[in-house]
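There are 2 protein chains.
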Amino acid sequence: MSQRWKITVEFNGTSFLGWQRQDHGPSVQGCLEEAVTRFSQEVVTVHAAGRTDSGVHATGMVASFDLEKPVSADKVRDALNFHLKPNPIAVLKAEAVEPDFHARFTCIGRSYLYRITNRRAPLALDAGRSWLISHPLDEKAMHMAAQRLIGRHDFSSFRASLCQAASPVKTLAELTVSRMGEEVRIVARARSFLHHQVRNMVGTLKMVGEGRWDADDVSAALAARDRSAAGQTAPADGLYFTRAYYPGDDFPEPISGGPSAPSSTNG
Amino acid sequence: MSQRWKITVEFNGTSFLGWQRQDHGPSVQGCLEEAVTRFSQEVVTVHAAGRTDSGVHATGMVASFDLEKPVSADKVRDALNFHLKPNPIAVLKAEAVEPDFHARFTCIGRSYLYRITNRRAPLALDAGRSWLISHPLDEKAMHMAAQRLIGRHDFSSFRASLCQAASPVKTLAELTVSRMGEEVRIVARARSFLHHQVRNMVGTLKMVGEGRWDADDVSAALAARDRSAAGQTAPADGLYFTRAYYPGDDFPEPISGGPSAPSSTNG
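Chains as they are written, first to last, in our numbering: chain A, 1 to 267; chain B, 1 to 267.
Among the clues, some could well be false.
Stated by the list, open to error - With the Cβ distance kept under 10 Å, some of the chain A side facing chain B (calculated, not the full set):
no., residue
1, Glu-10
2, Phe-11
3, Ala-58
4, Thr-59
5, Pro-88
6, Val-91
Claimed, not checked - To spell it out: a stretch of chain B is covered by chain A in this simulated footprint if at least three of its residues, at any positions, have a beta carbon under 8 Å from a beta carbon of chain A; those stretches are:
no., region
7, 6 to 14
8, 123 to 136
To be verified - If you anchor each label on the Cβ, the simulated ranges turn out as follows:
no., chain 1, residue 1, chain 2, residue 2, range
9, A, Ala-127, B, Ile-108, 30 to 36 Å
10, A, Asp-250, B, Glu-34, 38 to 44 Å
11, B, Val-43, A, Gln-164, 28 to 34 Å
12, A, Ser-192, B, Gln-41, 56 to 62 Å
13, B, Gln-22, A, Asp-249, 48 to 54 Å
14, A, Phe-82, B, Ser-219, 37 to 43 Å
These aren't lab readings, by the way, just hints derived from the structure by calculation. Glycine included, C-beta positions come from ideal geometry on N, C-alpha and C.
Isolated chain A (complex conformation):
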C-alpha cells in the first residue's frame, strides 16, 4: 500500500524555468521527481501548492507525492536532499499524510513575500533575490493603497494574459507593505492567486510608492478589469512563495491592515 508524503521545500528559483517540468530546461518539479526516483526507484508525479514562474523563489513551498517503499519521514527528507545535490533545492520537512491530502487541491491558502531593495546602489549580495528600485518609495502610501485590493474582486487588471484560471474573481486576504531599513517588504495572502497577480499588484503599488499614483488610481485600475489599466509586472527576482495552508491551519479571513476599509464589492 502506498503512502502519501507532504514535503516543505526551499529553493532558489534563479536557475530554474519555474516549478513545472519542462522539456527544454531545469525545473524544480523535474529535479524533485528525479531525486524521488533515485532513492526509491519509483516514478512519481510531485504536485505543488503553487506553480511558480522562472526566477521565483520559495522558502516554504509544499508538494506531495506517493511512495510504495516503506520509509521514515526523516529518511524521505534526508534521501531527497542527498539526491537533490547540487541543485539549490532543499527539503525542509517530510510528513506522512492521509491519502486525500493533495498539495494543490486541498490547499486553502497561499502566502507570498515580495522584497524590494530601495536604494541607489546596485545589488551585490541580493542580486537575483530582490527588486532594486532607486527612486525613494513611500511605503506608507503603498500600504494604504494596497488595502483597496483587499477582499473579493474581479482581478482581471492584475491577471497575466496566459492565466488559465476559470474565473478572474479572487479573494485577497492580506496585502501588507512595510519597511525595514532600505528593504520594502510586501506580504500577500489569499486562498489562491491569478497568474502574475502578486507581481502585477507589486508593480502597481510601485507607482504609488513613487508618488505617481494614489490610492484612488489603484481602485480605478481594479475597477477597469483590464490588464493595461494597472502597473507593470514586477520582476520574478523579488518573489518568494512562503507558505501553503491546509485544513486545520490557521488561515484568517480578509484583514484590513490600514485605515482604508476593505471594499466588499466585487470589482
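With the hints as your guide, set chain B onto chain A.
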C-alpha cells in the same frame, strides 16, 4: 589638488580570493581599483578597513583612495557602480573626506556578523552565505560563554598561524549570540581583530552550542594562548564585515551582554 574619497562597499565574497589584490585571481580591491581607473584614467591604491579573506562578504566595508579629477560624490558612487558591473560589488556611498582620513589606519572599530543556519536541511537560498550546522545549538549557552572573551586579552588561541599582527593582545568590545528562528547570529566588535579571530571564536562557540564545551572550557582555551586549545575555524561563508568606525562615530567601550562579568585580566 587631489581629493580623498571614503566609500562604503557591499560585496558577495564567494567569487573573490578576498579583499587584497592578487596576481592569480579576482579580488575586491583589484575590481575597485580597475573601476576607479576606468572612470578617472587615474591609477590608485584603494585601502580598506579590513582585508577580508576569500569567501567573506561585506555589507559595509569602508575603503579610501585619492582622485585628481574633480567630481561630485554622487558621480563617484554611480561611475564606480557602472564600471564594477557585473561583479557582485556595490558602492553604497561615496564621501569626500579630509586628506588625513585613511580607511585602515584611522579606523577605531570594526563590526562583523556571523550567520549560522541551524537546521537539518541543506542551504538552498543561503548557499555560500551562512554556515549550516545541523546539530541543535543552545544559543543562550553560546552567548554566556562568549562573554568570557570580552575585554583585553592575549587571543593567541584564536589567531591564525599566518597572522601578521605585531601583538596577540586585542580588546574585544562585543560578542553577542542571538537566535531568529533557525538562524543563529553572532555579532563581534573590536578596535581590531587578529587574522581569523572571529571565525576561530565562532568555531569555539559552536562547541558550546552543541553541549560539548561549557563557558569554563572557553576560558581555559583563552588562557592556553595556543591555537590548538580552541575550536575549529568556522567557514568563511557565514562571515560579513558590517561596519567600520572612525573618530566621531559612536564606538562604545566593551560591554557584557550576559550575566557573566567580563574579565579584565589579560589572557
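For each hint, the structure was consulted:
{"no.": "1", "hint": "Glu-10", "result": "holds (4 Å)"}
{"no.": "2", "hint": "Phe-11", "result": "holds (5 Å)"}
{"no.": "3", "hint": "Ala-58", "result": "holds (9 Å)"}
{"no.": "4", "hint": "Thr-59", "result": "holds (7 Å)"}
{"no.": "5", "hint": "Pro-88", "result": "holds (5 Å)"}
{"no.": "6", "hint": "Val-91", "result": "holds (6 Å)"}
{"no.": "7", "hint": "6 to 14", "result": "holds (count 3)"}
{"no.": "8", "hint": "123 to 136", "result": "holds (count 5)"}
{"no.": "9", "hint": "Ala-127(A) with Ile-108(B): 30 to 36 Å", "result": "holds (32 Å)"}
{"no.": "10", "hint": "Asp-250(A) with Glu-34(B): 38 to 44 Å", "result": "violated (54 Å)"}
{"no.": "11", "hint": "Val-43(B) with Gln-164(A): 28 to 34 Å", "result": "violated (58 Å)"}
{"no.": "12", "hint": "Ser-192(A) with Gln-41(B): 56 to 62 Å", "result": "holds (57 Å)"}
{"no.": "13", "hint": "Gln-22(B) with Asp-249(A): 48 to 54 Å", "result": "holds (52 Å)"}
{"no.": "14", "hint": "Phe-82(A) with Ser-219(B): 37 to 43 Å", "result": "holds (40 Å)"}
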